[in-house]
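Here the protein sequences line up with chains A, B and C, keeping their order.
Add 4 to the 1-based position in the first sequence for our numbering, that's all there is to it.
Add 9 to the 1-based position in the second sequence for our numbering, that's all there is to it.
Going by our numbering, -4 is the number at position 8 of the third sequence; the sequence numbering is gapless.
By construction, these hints were calculated from the structure, which means they are not laboratory data.
Take the hints with a grain of salt, since some may be wrong.
[Stated by the list, open to error] Within a straight-line C-alpha distance of at most 20 Å, the following computed DMTMM-like cross-link-like pairs (lysine to aspartate or glutamate) qualify: (1) C:402 / C:439; (2) B:73 / C:602; (3) C:581 / B:193; (4) C:222 / C:190; (5) B:282 / A:98; (6) B:71 / B:51; (7) C:612 / B:206; (8) A:58 / B:206; (9) B:171 / A:103; (10) C:286 / C:303; (11) C:635 / B:206.
[Said to hold, decoys possible] Example chain C residues on the side facing chain B (calculated, C-beta under 7 Å, incomplete): (12) 333; (13) 587; (14) 588; (15) 635; (16) 644; (17) 645.
Using N, Cα and C, we set each Cβ at its ideal position, and we do this for glycine too.
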Amino acid sequence: MSEAFEPKIVAYVCNWCTYLGADLAGTNRLEYPPNVRVLRLPCTGRIDFNLIVKAFEAGADAVLVSGCHPADCHYTSGNYHARRRWIVFRRLLETLGFEMERIHFTWISAAEGKKWQQVVTEITEKTRRLGPYTAYRDLCEAHQ
Amino acid sequence: MITRLRETCRRLLDQNKVQVVIGYGQRRPGAAAHPVFITRPEDVGQLTWGGNCFANLTVYLKRKEVKALGKAALVVKGCDERALVVLEKEAQVERGDLYVIGMACDGVHAPKCSACVVRTPRFADELIGEAGSAPGAASPAAPDLLDVLMAKPAAERWAFWKSEFSRCVKCYACRQVCPLCYCERCIVDKNRPVTIDTSASLKGNFAWHITRAFHLAARCVGCGECTRACPAGIPVGLLNRSLADTAKGNFGYAAGMDPAAEPVFGAWSSSDKEDFIR
Amino acid sequence: MARIGVFTCWCGENIARTVDVDQVSAAIAKLPGVRASVNYKYMCSDPGQALVREKIAAEQLDAVVVASCSPHMHLRTFRKTAEAAGVNAYRVEMANIREQCSWVHHDRAAATAKAVDLVRIAVAKVRWDEALEPIRVPVTRKALVIGGGVAGIQAALDIADAGYQVALVEREPSIGGKMAGLSETFPTLDCSQCILTPRMVDVGQHPRIRLHSYSEVESVSGFVGNFTVTIRQKARYVDTAKCTGCGECWNSCPIKKIPSEFDYRLGFRPAIYIPFPQAVPARPVIDKENCTRLKKGKGCGFCEKKCQAGAIRFDDQDKLVTEEVGAIVVATGFKLYSIGKQQENESRSGYGEYGYGEYKDVIDGLQFERLVSASGPTGGRIARPSDGREPKNVVFISCVGSRDNAKGVPYCSKICCMYTAKHAMLYKHKVHDGQAHVFYMDVRAGGKNYEEFVRRAIEQDGARYYRGRVSRIYEENGKLIVRGADTLAGEPVTIEADLVVLAAAITPAAGVRDLARKLNVGYDEYGFLLESHPKLRPVETASAGVFICGACQGPKDIPESVAQASAAASKALIMLSRDEMTREPEVARIDEKNCAACFACVRTCPYHAIERGEVLTPRGVFVKHTARVNPGLCMGCGTCVSICPSKSADLAGFSEQQIYAELEALV
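Let the sequences and hints guide you as you build the complete structure.
Rendered as structure tokens:
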């Protein structure tokens, strides 16, 4: 019996915007696939990009980082710092040959329950089509 | 230039203006110059200068043993001096505590020399020599490895780095030789929690090089010592250069060039691009 | 080894219908360190909380995980429960298996598996929670109210009457807001100014209220309990201390025909003016765009000559003043949607088909209020703006902008059905032989005596109500031809109107987004300020110490605005009632032994909460430089943690250790 591949998606979300947006999706009963595991952080500014790598090490097939829209950060500028770091970190991962289609950044506000539903659904489907992140799994198993 | 260098250093030590001179020496002819730490005026004969002075001596400023010797005079090439600019911005050196001897340089036969724009140090307390009109003889024009890599599909790049990092033994020479890696307790040595797998496995090696490159993003001055130091011949400096290009392209920032320029991280602009953010 | 208790909630059916809570409890019970894993119908209820306390005692638990709704709902509740039973409040975590699980997934197996994962993550996290004590912070026992409409006035009076100083900032020359321009208010038909002006006078004379009129908030710094607000007092060109409000100046001003803002351009005012006779403060301002002396630097000056108090100051300048306050209440009110085709806001479009701005006799609701007001441009006589004749047929159109997705305003503006009925009645009271026609989609009259009020308009005052929309208005022979539909009769309707009144949508006041950013308060896509929670915390915001009330939070009428204002005042008073408040201790900390003193964190911190410091031996000998966090200022965002290269900075409650443990729980 072969099981259909179910992608594992880790989402680092900020407590004030995206987390509340995800709650709103729940309050409005907007259905989406159950593959995402949300790790709540105070702000996208808290996200050291090492955490993206760590998520892949832990077996994630895709990683989502989501926070407040520019100018709306609960801590005024955490998301600006994160955005600037993302620009550079993306380049690093591209240079190394990471599968960039597995890494997603979004701005989702507390009022955007629908956007959370759409983003999670699309990422899940896309990752399902991409398949498991075998390149990374092989890397981690190599030393066993 | 060598004579003038030695006289300058003798004078500085004689007058106790500095207690140690950090410079280049050469015990074996034909080999690369090695660092020397001269504390007595009579030893200045050990100092040398030439096209084999590869090392970036600013790296010694972070060492406790060197700090303990007292005020230092430091011999720098223009490329090394860029590291000084960054170190000062990051509160690691007090410029007034340092006597900078700048050596005008015709190149050290490294690939970085053909594109060098800082052959004359800009902030030295004393400048020795004049840069020649032609750049140092560079190796015949080879295709830039970074450009070649970035033109390949991602899967091939991944295979390339897997192959390179499979030879990494986590000796951390790249870290030790970098003047900007000055944390006394490096993140890789932190074990509560373990951030980076210290074993020389592919997983651990990728994690290390990703972190090293990212921590040096928009700080690396391109002295190339990390690549030169790597005993496994891994072109680690390529990652740094890729990020330096990004910093230049996106923020107009080149580390160590303008002392007044705002560092890239810790600042932000409302016009930072976000075409990759949904 | 930790002693963790895990409590999974059914939330009645909300969770248990989809997630197999027994399976969750059983799976979690097997994790190392979990001493108790139970489930119950309503964890937040009294018996639920009693169960938590009981297990804490029975198993000597030192950490608690509650798997239920969002932490935004009940984290505080369960922290108190745990604390009461002897577990440190910060060794409590929640797994959100409702909003982010049972409510959004319907496959029972998948939802249960996800719930188990989410609880595993929470258990991994709580293991590394430190026992923390709240941080104590002094409170400046003074409030700032932004906006001097009826909501701002109410909030200011409540706080001042409770014994605290209040600074009230209003950007117009007088307080009173939109209510000061209304004629009579529903459902009582009280004269608006008659009920408002005594309150305005109370504010003006209150010993504890400092009124900054004709002023705006320039900048805000600090944090809850300790805000420093810079206020720009715009130049009035009149010395309010000397001025007696006698009116000689505005009577003598030769520039008389400037469209009056207070009359929504239906009337005129001079260049030196008082917005309305009952203004508080009753002191004029000079409009520098239209005053001859201020524009040219010389000439005119009649007001200066006439002023016996010597109060005219042509050399006046804007002044910046500072207020130190502990709490801020925002009551910036609303403005009407600008009906015409041209819209400044790109996400909106207008109604070219109604001729607003093109035909003088097509006006909006606030303009009609001025026509009806005894103090208005026509002295209360209902007259067409074009030729001054009394209109015999007036058409009122509801939902202009509102409830129209195509125009970018999908929401209902709540008050228009009521004021349209009111307008129809007031019109009939003044023009006995006139006929009011109302085009409506629905009639929303949900308040006390509201439905009865609308029935009166129809049954006693003969207003004709057509259920349908208007497709077009055009002018013909001096009349406005209104083409609409009567969907109940099933036929089109054409009316030759003398005057058309459009009930335009309610939108937030201009500049509210900029103010919100200064205060660090969120706003929705329309600009309405965001409350903490739409049901349970309607006047608080995500920014501690900043409260909102009135139409700036969403369209609402006067009784609701007043009620919300008192609610916001009471929340502010909870803070101001003590000299000291406690702050959440989930703040950043730097390991000074390992800090490389690069000060990247100092540069990054959005609150400037990190300083350059020194490590000294107990005898005072310098050891090394370090960065150091001020726990009174840190807001716990963690941006310093991610930028620190040596990871000497860490964040309590979201530490490196915790995040890695959470990830490992997923493997």
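If any of the earlier hints don't hold here, list their numbers in rising order. Of the numbered hints, 4, 6, 7 and 12 do not hold.
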